[in-house]
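> Each protein sequence line maps, in turn, to chains A and B. The numbering of the first sequence is the working numbering, which starts it at 1 and goes up by one. The numbering of the second sequence is the working numbering, which starts it at 1 and goes up by one.
Accuracy of the hints is not assured; some may be wrong.
[As the list claims (entries may be wrong)] Each computed BS3-like pair below joins lysine-lysine, with the alpha-carbon atoms no more than 30 Å apart: (1) B/Lys68 x B/Lys235; (2) B/Lys63 x B/Lys81; (3) B/Lys187 x B/Lys177; (4) B/Lys187 x A/Lys68; (5) B/Lys177 x A/Lys64; (6) A/Lys3 x A/Lys81; (7) A/Lys102 x B/Lys180; (8) B/Lys21 x B/Lys166; (9) A/Lys180 x A/Lys21; (10) B/Lys21 x A/Lys102; (11) A/Lys180 x B/Lys64; (12) B/Lys64 x A/Lys68; (13) B/Lys187 x B/Lys17; (14) B/Lys80 x B/Lys166; (15) A/Lys177 x B/Lys235; (16) A/Lys3 x A/Lys21; (17) B/Lys227 x A/Lys43; (18) A/Lys68 x B/Lys43; (19) B/Lys227 x A/Lys102; (20) B/Lys235 x A/Lys43; (21) A/Lys80 x A/Lys3; (22) B/Lys21 x A/Lys68; (23) B/Lys177 x A/Lys102; (24) A/Lys17 x A/Lys132; (25) B/Lys180 x A/Lys68; (26) A/Lys132 x A/Lys102; (27) A/Lys177 x A/Lys68; (28) B/Lys68 x B/Lys177; (29) A/Lys21 x B/Lys187; (30) A/Lys3 x B/Lys227; (31) B/Lys43 x A/Lys63.
[Unchecked claim] Cβ-Cβ distance ranges computed for the label pairs, FRET-style: (32) B/Trp93 x A/Lys102: 17 to 27 Å; (33) A/Lys102 x B/His89: 18 to 28 Å; (34) A/Asn149 x B/Asp173: 27 to 37 Å; (35) A/Thr211 x B/Ile2: 51 to 61 Å; (36) A/Glu174 x B/Pro82: 42 to 52 Å; (37) A/Gln239 x B/Trp93: 31 to 41 Å; (38) A/Glu194 x B/Lys102: 58 to 68 Å; (39) B/Lys102 x A/Glu84: 16 to 26 Å.
These are computed hints drawn from the structure, not numbers from a lab. Ideal Cβ placement from N, Cα and C applies to all residues, glycine included.
There are 2 protein chains.
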Amino acid sequence: MIKLSDYDTRPPKDIDKGEIKDQTEAFAERLGDLHQLLLAEQKHAILVIFQGMDASGKDGAVKKVFRKCTHNNINVYSFKKPTEEEFAHDFLWRVHQRVPAKGNIQVFNRSHYEDVLIQRVHGWIDEERYKKRMNAINAFEDLLQFDNNTLIFKFYLHLSYEQQEKELQERIDEHDKNWKHNPNDWKEREHWSEYMRCYEDVLNQSVLPWTIVPVDERWYRDYIVAKTIVEGMEKLNMQYPRISE
Amino acid sequence: MIKLSDYDTRPPKDIDKGEIKDQTEAFAERLGDLHQLLLAEQKHAILVIFQGMDASGKDGAVKKVFRKCTHNNINVYSFKKPTEEEFAHDFLWRVHQRVPAKGNIQVFNRSHYEDVLIQRVHGWIDEERYKKRMNAINAFEDLLQFDNNTLIFKFYLHLSYEQQEKELQERIDEHDKNWKHNPNDWKEREHWSEYMRCYEDVLNQSVLPWTIVPVDERWYRDYIVAKTIVEGMEKLNMQYPRISE
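Isolated chain A (complex conformation) (with noise of 0.2 Å):
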């Protein structure tokens, strides 16, 4: 039983950063390979999910973990609000669009979580609709994995509260983050605590385990989000296809 309170949102205090740092460094450049093996065997799809509350970080892991992929066969969706065609069909639908073909990673920054996230959080749905989703998200990701060996990495990227006030707070102060800030982030933090409930409702009842990140230092969030990918991807064993004779 998880509960986000026992989990750190800073980095281990003997840590040395430094080392933490350059051991990032090769992860990233691992997943360089990785992802080139991946594109050279067509035999995996890797989908990778960033959820986590408002300025935890999620565009920054983007581009920090993956600096080393080529941009061929690499795509980041983030979700936004659906548009009035997307309100119109299950949650699923629009995401299912999104999936990573084979040869493939897909990163999706925010993802078919916010449908029992913010939507319960602000009771647009109900408990029992919320069961059923979380049901559905369940047999989705099997699918994926099933059907279209896909690897999915999902992270939590674990924020505190007083962190998340000094980001928003940057995004005002500073004249080159000034285009990030948006006055509703304010007025969802006051949902804070029931944010929290409801992850940690999400974390538990995911049958495909979560990672969850402390992302109050940037570089700690970094280097397990790469490090998780790259031994994750390893125990693949995938390999260049020879010529056949």
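Got chain A; can you put chain B on it based on the hints?
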């Protein structure tokens, strides 16, 4: 009147490779910044088209030139043989769906130009349809410019017949390039002079001009492409938006 035989496929002789590589690095760094600015400002879209013979280094150009751009708000699409559904539409139908929104860079690895190149070389379209398609392409590119502030870069990767043979042979000889080997590339190579003639017509009949990039040396290719995109984007005079008070 462009004649491809007037254009070198190799770098100028008096050029300093080390210095060029340093400049390419600086252009790539700057492109990373300009990409961020593009996203922040949300006023312009960028479309980058790569065309060239097999093994002319389209994938490599994508990898090197955009290596400092984050994976958010940039997408690379590789056009392949049209699907049955795509064939059942006009040739621009599938292309139109992939053009960039404001704030985004879209890279086309091959493009709508295949429909006036491979299709013409093999006689799958007649000359009348070829001319109509060129007119349609010119109108289409104009539309993207005037109606969505799209800055379009078109690169013809200019490879020599001799260098192509070396590159294709490497795909057979080098184990980690085997996956790129395609016997069909050797067959297409037999139509080399016809391809050159058709490329020349495209270069001469495009309203929006092309950059002809010498690609026999890959480091020079990267330099020309990066420099062209950066200098073009600098002219947009993009600014980080400030918060309205």
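> Against each hint, give a clear statement of whether it holds in the structure.
Hint by hint, here is what the structure shows:
| no. | hint | verdict |
| --- | --- | --- |
| 1 | B/Lys68 x B/Lys235 | holds (20 Å) |
| 2 | B/Lys63 x B/Lys81 | holds (22 Å) |
| 3 | B/Lys187 x B/Lys177 | holds (19 Å) |
| 4 | B/Lys187 x A/Lys68 | violated (34 Å) |
| 5 | B/Lys177 x A/Lys64 | holds (27 Å) |
| 6 | A/Lys3 x A/Lys81 | holds (28 Å) |
| 7 | A/Lys102 x B/Lys180 | holds (16 Å) |
| 8 | B/Lys21 x B/Lys166 | holds (23 Å) |
| 9 | A/Lys180 x A/Lys21 | holds (26 Å) |
| 10 | B/Lys21 x A/Lys102 | violated (34 Å) |
| 11 | A/Lys180 x B/Lys64 | holds (28 Å) |
| 12 | B/Lys64 x A/Lys68 | holds (10 Å) |
| 13 | B/Lys187 x B/Lys17 | violated (34 Å) |
| 14 | B/Lys80 x B/Lys166 | holds (24 Å) |
| 15 | A/Lys177 x B/Lys235 | holds (22 Å) |
| 16 | A/Lys3 x A/Lys21 | holds (29 Å) |
| 17 | B/Lys227 x A/Lys43 | violated (37 Å) |
| 18 | A/Lys68 x B/Lys43 | holds (28 Å) |
| 19 | B/Lys227 x A/Lys102 | violated (34 Å) |
| 20 | B/Lys235 x A/Lys43 | violated (43 Å) |
| 21 | A/Lys80 x A/Lys3 | holds (28 Å) |
| 22 | B/Lys21 x A/Lys68 | holds (18 Å) |
| 23 | B/Lys177 x A/Lys102 | holds (19 Å) |
| 24 | A/Lys17 x A/Lys132 | violated (43 Å) |
| 25 | B/Lys180 x A/Lys68 | holds (21 Å) |
| 26 | A/Lys132 x A/Lys102 | holds (29 Å) |
| 27 | A/Lys177 x A/Lys68 | holds (24 Å) |
| 28 | B/Lys68 x B/Lys177 | holds (24 Å) |
| 29 | A/Lys21 x B/Lys187 | violated (48 Å) |
| 30 | A/Lys3 x B/Lys227 | violated (52 Å) |
| 31 | B/Lys43 x A/Lys63 | holds (22 Å) |
| 32 | B/Trp93 x A/Lys102: 17 to 27 Å | holds (25 Å) |
| 33 | A/Lys102 x B/His89: 18 to 28 Å | holds (26 Å) |
| 34 | A/Asn149 x B/Asp173: 27 to 37 Å | holds (30 Å) |
| 35 | A/Thr211 x B/Ile2: 51 to 61 Å | holds (54 Å) |
| 36 | A/Glu174 x B/Pro82: 42 to 52 Å | holds (47 Å) |
| 37 | A/Gln239 x B/Trp93: 31 to 41 Å | holds (38 Å) |
| 38 | A/Glu194 x B/Lys102: 58 to 68 Å | violated (35 Å) |
| 39 | B/Lys102 x A/Glu84: 16 to 26 Å | holds (20 Å) |
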